[in-house]
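Top line first, the protein sequences correspond to chains A and S.
First residue of the first sequence? That's 1 in the numbering used here, and the numbers climb one at a time after it.
First residue of the second sequence? That's 1001 in the numbering used here, and the numbers climb one at a time after it.
Please note: incorrect hints may appear among the correct ones.
Interface residues of chain A toward chain S, partial, derived using beta-carbon atoms under 7 Å [unchecked claim]: (1) Gly42; (2) Leu43; (3) Tyr48; (4) Val50; (5) Ala52; (6) Asp101; (7) Phe105; (8) Pro107; (9) Leu111; (10) Thr112.
FRET-style restraints, in silico, Cβ to Cβ [claimed, not checked]: (11) S/Ala1078 with A/Pro83: 43 to 49 Å; (12) A/Met41 with S/Asn1038: 17 to 23 Å; (13) A/Ser67 with S/Lys1026: 27 to 33 Å; (14) S/Lys1056 with A/Gly51: 27 to 33 Å; (15) S/Gln1009 with A/Gly63: 23 to 29 Å; (16) A/Pro61 with S/Asn1022: 27 to 33 Å; (17) S/Ala1078 with A/Asp73: 40 to 46 Å; (18) A/Pro8 with S/Ala1078: 39 to 45 Å.
Straight-line C-alpha distance at most 30 Å; calculated BS3-like pairs for lysine-lysine [as the list claims (entries may be wrong)]: (19) S/Lys1099 with S/Lys1056; (20) A/Lys9 with S/Lys1104; (21) S/Lys1070 with S/Lys1104; (22) S/Lys1069 with S/Lys1099; (23) S/Lys1026 with S/Lys1104; (24) A/Lys9 with S/Lys1099; (25) S/Lys1056 with A/Lys14; (26) S/Lys1056 with S/Lys1069; (27) S/Lys1070 with S/Lys1056.
Don't read these hints as lab results, they were simulated from the structure.
Just so you know, even glycine gets a beta-carbon here, dropped at the ideal spot from N, CA and C.
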Amino acid sequence: NAGVTQTPKFQVLKTGQSMTLQCAQDMNHEYMSWYRQDPGMGLRLIHYSVGAGITDQGEVPNGYNVSRSTTEDFPLRLLSAAPSQTSVYFCASSYRDRGTDTQYFGPGTRLTVL
Amino acid sequence: SQQGEEDPQALSIQEGENATMNCSYKTSINNLQWYRQNSGRGLVHLILIRSNEREKHSGRLRVTLDTSKKSSSLLITASRAADTASYFCATLTGGSNYKLTFGKGTLLTVNP
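Using the sequences and the hints, build the whole thing.
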C-alpha cells in the first residue's frame, strides 16, 4: 500500500492564481480530511468527507473547495490564492466508526503564495 | 475554535526524565488520540483512548482520560533524545458530526 499520497510537495503561487492540491489513499478509507498547519496554530481542519459524494466544512473553509467523487481521491482547490493561504497542507484518511479511527497522514504540501 | 488545547506549549527535559503533556477539550467525544510530529514531517499516530476508557499504555507511553473534566494526559517515561518532537492531541466527535480536530500541540525537547 502506498498509504496517503499528496502532490505536489512544494508549490509557489502568485496572488489570484488557482490550483488543486491532490490527495489519494489506497486503504479504502471512508473518512478523508484536509488540514492546514501554521506556526503556533497547530492543525486546523479545512474540509472533510465521510464518504464519496459527501463533504462538509471544518474550522477554516473559506477560500477552499473540495469534492469527493471517489473513495480514493479528495482534491483541495484554491480558487484565487491569497498570501494568507501560505501554509503546510496535510491530507489524512481513516476508517469511520469501526473502532479504528487512527488517521493516516500524507507527507504534506508546502504552499507559498506571493 | 479548536477543540483540543495542549499544555504546556513547550517542555524541555533531560534524557531519562519523564515528560507529561496535558490536553483539554470542550465537547463530548468518541475518542481522543495523540500524535507526534517530527520537524518538517507529517503526523504519526501514537495512541488512541476511547471515551469509556480511563487509562491506556503502549510501550513507554501512558495516556489517561477524564471525561468529567474533559481532559487527557500523555506521559512519556524514560525519555530519549529521539522523543524530541511536537505532540498533538486530537478529539473525534462521532455520529452525524463525525470529524477529528486537533489542538495546537506541545513542543517537547529532550536534551542528551
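Results of checking the hints against the structure:
Because the beta carbon of A/Gly42 sits about 4 Å from the nearest beta carbon in chain S, less than 7 Å, this interface hint is met. The criterion of a C-beta within 7 Å of any C-beta in chain S is met by A/Leu43, whose closest approach is roughly 4 Å, and the hint holds. Annotation: A/Tyr48 was flagged as interfacial toward chain S, and the flag holds, the nearest CB pair being 5 Å apart, inside 7 Å. Taking 7 Å as the C-beta contact cut-off toward chain S, the hint placing A/Val50 at the interface holds, the least distance being around 5 Å.
At about 15 Å, the closest approach between the beta carbon of A/Ala52 and any beta carbon in chain S exceeds 7 Å, and the interface hint on this residue is violated. Hint status for A/Asp101: holds, given a least beta-carbon distance of 5 Å to chain S, under 7 Å. About 4 Å separates the beta-carbon of A/Phe105 from the nearest beta-carbon of chain S, less than 7 Å, and the hint is met. Among the interface hints, the one on A/Pro107 holds; its C-beta lies about 5 Å from the nearest C-beta in chain S, closer than the 7 Å criterion.
The beta carbon of A/Leu111 comes no nearer than 15 Å to any beta carbon in chain S, farther than 7 Å, and the hint placing it at the interface is violated. This hint is violated: A/Thr112 has a C-beta 15 Å from the nearest C-beta of chain S, more than the 7 Å allowed. Separated by about 44 Å at the C-beta atoms, S/Ala1078 and A/Pro83 satisfy the suggested range of 43 to 49 Å. A hinted range of 17 to 23 Å holds for the C-beta pair A/Met41 and S/Asn1038, which are about 18 Å apart.
Between A/Ser67 and S/Lys1026 the beta carbon distance is about 30 Å. The supplied range of 27 to 33 Å therefore holds. The supplied range of 27 to 33 Å is met by S/Lys1056 and A/Gly51, whose beta-carbon atoms lie about 29 Å from each other. Here the CB-CB span from S/Gln1009 to A/Gly63 is close to 27 Å, well matched to the stated 23 to 29 Å. Distance hint check: the CB atoms of A/Pro61 and S/Asn1022 are about 29 Å apart, consistent with the given range 27 to 33 Å.
Separation of S/Ala1078 from A/Asp73 is about 42 Å and conforms to the stated range, judged on CB atoms against 40 to 46 Å. In this structure the hint that A/Pro8 and S/Ala1078 lie 39 to 45 Å apart at CB holds, the actual value being about 40 Å. With a CA separation close to 22 Å, the supplied pair S/Lys1099 and S/Lys1056 stays within the 30 Å bound. For the suggested pair A/Lys9 and S/Lys1104, the alpha carbons sit about 23 Å apart, so the restraint of at most 30 Å is met.
For the proposed pair S/Lys1070 and S/Lys1104, the alpha carbon gap of about 16 Å is at most 30 Å, so the pair holds. Among the hinted pairs, S/Lys1069 with S/Lys1099 is consistent with the structure: their alpha-carbon atoms are about 21 Å apart, no more than 30 Å. A C-alpha spacing of about 14 Å is found between S/Lys1026 and S/Lys1104, which places the hinted pair at or below 30 Å, so the restraint holds. For the given pair, A/Lys9 sits about 25 Å from S/Lys1099 by alpha-carbon distance, which is consistent with the 30 Å threshold.
Taking the CA atoms of S/Lys1056 and A/Lys14, the gap is about 48 Å. The hint is violated against a cut of 30 Å. Of the pairs offered as hints, the one joining S/Lys1056 and S/Lys1069 holds, with about 17 Å between alpha carbons and a cut-off of 30 Å not exceeded. Restraint check: the Cα-Cα separation between S/Lys1070 and S/Lys1056 comes to about 16 Å, which is no more than 30 Å; the hinted pair holds.
Checked against the numbered hints listed earlier, the structure breaks hints 5, 9, 10 and 25; every other hint is satisfied.
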